[in-house]
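Enquirer: Spelled out, the chains give:
There are 2 protein chains.
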Amino acid sequence: MNAEFVNPFLSSFINVLQTMAMLEIKPGRPSLKKDAIARGDVSGLIGMAGPTLAGSFSISFDEELALNVFEMMVGERVESIGDDITDMVGEITNMVAGGAKRQLGEKGYEFNMATPIVVTGPGHTITHQVDGSKVLMPFQSEKGNAYIEICFND
Amino acid sequence: MNAEFVNPFLSSFINVLQTMAMLEIKPGRPSLKKDAIARGDVSGLIGMAGPTLAGSFSISFDEELALNVFEMMVGERVESIGDDITDMVGEITNMVAGGAKRQLGEKGYEFNMATPIVVTGPGHTITHQVDGSKVLMPFQSEKGNAYIEICFND
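So the sequences go chain by chain: W and A. Here our numbering is used: the first residue of the first sequence is 1, the next is one more, and so on. Here our numbering is used: the first residue of the second sequence is 1, the next is one more, and so on.
In case anyone wonders, no lab produced these hints; they're calculated from the structure. In this text, all values refer to a predicted model and were calculated from it rather than measured experimentally. Using N, Cα and C, we set each Cβ at its ideal position, and we do this for glycine too. Just so you know, not all the hints are guaranteed correct.
Stated by the list, open to error - Coverage of chain A stretches by chain W, computed from C-beta distances (three or more under 8 Å per stretch; other residues unrestricted):
| id | segment |
| --- | --- |
| 1 | 51-61 |
| 2 | 108-120 |
| 3 | 126-135 |
From just these sequences and the hints, can you work out the full model?
Expert: Structural data, given as structure tokens:
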């Protein structure tokens, strides 16, 4: 999997948080290792499937970041991860994948998006099961941290 | 969402466990409630996407069932959820969705499958984010319990 596939997801995530929450989040050092695992307290996942292309995408937020982004987007503070937060994480995941899909479509990579799934549970781990390569990208901000993971069966 | 959509996933799950692990698992009472939540210790998730159809599917195993199915399939006992178990859960999820896809394709419902994702973490919860309906189906066996959740944006 080359950067052409990965960059649209990263730029879309940065863009969505900037637009929706006025939050600047910075990508860290990507990992391609098979045994790298994304950990988070709340994660949004979305599948992508086309006639020849299949993959999956996830964003894992730590609780701190999820609660802060909600406050910045909605103007209200919630104290723990509940329906408000899972809805928001599902929506952000959908927006990020939709933005990447548009950019990849322009380059001739066509796929449809599944509906998002949100997982909660302190310190859960996510493993994308794919024969192709996986990219795990940590993100840091003043308001908390996130991981993005992108996989395609290339 | 009607039974025509749901039944292929249920029968495929029963069939896969019977074939792969010689385990009989029994469906319980389905729930259509919006606030019903699947809880498990290890879950396999897979997205489904077609030109007009999008959805998601998950199987959540309690730890007991996951470890027992592994032992029945492989003939070796592992004592906790690790790579062996996540690989198996991803594979079972893929097989169940593949079986359902075949049955639904024969009825004219066409979609492609994304690659599976496996989530681990004690008692994590799964929320499918979809405007359409969701079906949550508990399963029980002598070797442990599981939940299946199926959603389509119908």
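Enquirer: Compare the structure with each hint and give your call.
Expert: Each hint, compared with the structure:
no.	hint	result
1	51-61	holds (count 5)
2	108-120	holds (count 10)
3	126-135	holds (count 5)
In summary, the structure agrees with every hint in the numbered list given earlier.
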